[in-house]
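Residue strings, one per chain:
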Amino acid sequence: GAVVSQHPSWVICKSGTSVKIECRSLDFQATTMFWYRQFPKQSLMLMATSNEGSKATYEQGVEKDKFLINHASLTLSTLTVTSAHPEDSSFYICSAREDSNSPLHFGNGTRLTVT
Amino acid sequence: GIQVEQSPPDLILQEGANSTLRCNFSDSVNNLQWFHQNPWGQLINLFYIPSGTKQNGRLSATTVATERYSLLYISSSQTTDSGVYFCAVRVTSGSRLTFGEGTQLTVNP
Numbered sequence: 001g002a003v004v005s006q007h008p009s010w011v012i013c014k015s016g017t018s019v020k021i022e023c024r025s026l027d028f029q030a031t032t033m034f035w036y037r038q039f040p041k042q043s044l045m046l047m048a049t050s051n052e053g054s055k056a057t058y059e060q061g062v063e064k065d066k067f068l069i070n071h072a073s074l075t076l077s078t079l080t081v082t083s084a085h086p087e088d089s090s091f092y093i094c095s096a097r098e099d100s101n102s103p104l105h106f107g108n109g110t111r112l113t114v115t
Numbered sequence: 001g002i003q004v005e006q007s008p009p010d011l012i013l014q015e016g017a018n019s020t021l022r023c024n025f026s027d028s029v030n031n032l033q034w035f036h037q038n039p040w041g042q043l044i045n046l047f048y049i050p051s052g053t054k055q056n057g058r059l060s061a062t063t064v065a066t067e068r069y070s071l072l073y074i075s076s077s078q079t080t081d082s083g084v085y086f087c088a089v090r091v092t093s094g095s096r097l098t099f100g101e102g103t104q105l106t107v108n109p
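The listed protein sequences derive, respectively, from chains E and G.
Take the first sequence: its letter number 85 is residue 85 in the working numbering, and every next letter is one higher.
Take the second sequence: its letter number 95 is residue 95 in the working numbering, and every next letter is one higher.
Isolated chain G (complex conformation) (with noise of 0.2 Å):
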């Protein structure tokens, strides 16, 4: 099945940083989506984003389907932005949704 890599497993900010987070898939993709755990389990619906780039506030999202990636962009950070970030796929012949293992952010005051 497909492989969905997720860098960096970890990452710590301060308050008002800006990061970067990435998801590399090994197949054809036509779904991608980018999700929020937040500390209390609840998945938040950031992007749907199978390809181009997508701006919502102080997040955006790059998916270059061609190269297989794409890229979680988080601006001026806020303590509320602290969570496990997942991206999750789906090939173009299936029809389930494949989670990477996430990235666990955590943002400092």
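Chain E extracted, bound-state conformation (with noise of 0.2 Å):
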């Protein structure tokens, strides 16, 4: 079945610096990657949407210059969370479809602390 995979699982930064999670289809191409970010004891809030080889389109509210998304090959994309500061900490899942019938396949998701 459609593997998708999430590094870091789980990552400690300090305030300030800038930390990147990558998000790989591994037997399939991924046209469309989505990141999420999810809150203890809540739904998925969906940050924005990526198309290989196109800019990210962001939802409202999230800062396209503090979470950098790069979707550069059809099997990778990268998100960027620049400047970190505490209230950045959450659990962020990626995920990817093959084309728009395809169903969504989530990768293991990185906890991120920022100290």
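Because the hints were derived from the structure by calculation, they are not lab data.
Some hints here could point you the wrong way.
As the list claims (entries may be wrong) - Which chain E residues face chain G? A few, computed with CB under 7 Å, are given here:
hint	residue
1	F39
2	S43
3	F91
4	P103
5	L104
6	N108
Unchecked claim - Label pairs and their calculated CB-CB ranges:
hint	chain 1	residue 1	chain 2	residue 2	range
7	G	S95	E	E22	43 to 53 Å
8	E	N101	G	Y73	22 to 32 Å
9	G	N38	E	E59	21 to 31 Å
10	G	G57	E	S15	42 to 52 Å
11	E	E52	G	R58	19 to 29 Å
12	E	S100	G	T53	17 to 27 Å
13	E	S15	G	R58	44 to 54 Å
14	E	I12	G	Q3	29 to 39 Å
15	E	E52	G	D27	23 to 33 Å
16	G	E101	E	T80	24 to 34 Å
17	G	N108	E	S73	44 to 54 Å
18	E	N101	G	Y69	14 to 24 Å
Positions of the beta carbon are idealized from the N, C-alpha and C atoms, including for glycine.
Please assemble the complex out of the two chains, which come individually in their own frames, going by the hints.
What follows is the structure, given as structure tokens:
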């Protein structure tokens, strides 16, 4: 079945530093990847949609300069949290699909803690 | 945008019991998925079911698209079934997947 690999699974960083999270589709080509954020005991909130080779589309309220998304190939998307602050601490999950009619497959998530 | 409501929000079962989780949505959809998020945060894709009925072992799901709801059945529940079950839908004209708030299931031994 379709596998999405996300790394790292957890990361602790200091305020002001940047963190990069990778999302890879291992056995299919992902034309579209999505990045979600999840706070404790809440649902997933879509942050942005990225299509290979084009700029990401950010949801309202998500700072594009803070959450940099790059989708340089059909199997890799990255999310960089720039100048991280403690309020950026959260669970970040990526997902990918092969085409618009395909189901969505999720990575295992990255738990970010900013101290 | 589309509204997705899941019920119940919380459910506690004894091992071996059966349960039904419900997902109501406010607009036509061309994609509906059920996910299980385990205590470690991993989202497991259970069903891709925009309409009809599917079964996978102890789990089955039914979506009645014309009436805008989907049901997830869990039979002979096990402690490993514990976690949060999410329903997510995509409207016909859009591409984003909208999640419900989830049902927190706890199965006690």
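Against the structure, the hints come out as follows:
1. F39: violated, 12 Å
2. S43: Because about 5 Å separates S43 of chain E from the closest Cβ in chain G, which is inside the 7 Å limit, the hint holds.
3. F91: holds, 6 Å
4. P103: With Cβ-Cβ at 4 Å, under 7 Å, it holds.
5. L104: holds, 6 Å
6. N108: holds, 5 Å
7. G:S95 - E:E22: 43 to 53 Å: violated, 23 Å
8. E:N101 - G:Y73: 22 to 32 Å: holds, 25 Å
9. G:N38 - E:E59: 21 to 31 Å: Between N38 of chain G and E59 of chain E, where Cβ atoms are some 26 Å apart, the hint holds.
10. G:G57 - E:S15: 42 to 52 Å: holds, 46 Å
11. E:E52 - G:R58: 19 to 29 Å: With a Cβ separation near 38 Å, E52 of chain E and R58 of chain G fall outside 19 to 29 Å, so the hint is violated.
12. E:S100 - G:T53: 17 to 27 Å: holds, 24 Å
13. E:S15 - G:R58: 44 to 54 Å: Once the Cβ atoms are compared, 46 Å apart, the range 44 to 54 Å for R58 of chain G and S15 of chain E holds.
14. E:I12 - G:Q3: 29 to 39 Å: holds, 37 Å
15. E:E52 - G:D27: 23 to 33 Å: With a Cβ separation near 28 Å, E52 of chain E and D27 of chain G satisfy 23 to 33 Å, so the hint holds.
16. G:E101 - E:T80: 24 to 34 Å: Once the Cβ atoms are compared, 29 Å apart, the range 24 to 34 Å for T80 of chain E and E101 of chain G holds.
17. G:N108 - E:S73: 44 to 54 Å: Between N108 of chain G and S73 of chain E, where Cβ atoms are some 46 Å apart, the hint holds.
18. E:N101 - G:Y69: 14 to 24 Å: holds, 22 Å
Going down the numbered hints, you'll see the structure goes against 1, 7, 11, while the others check out.
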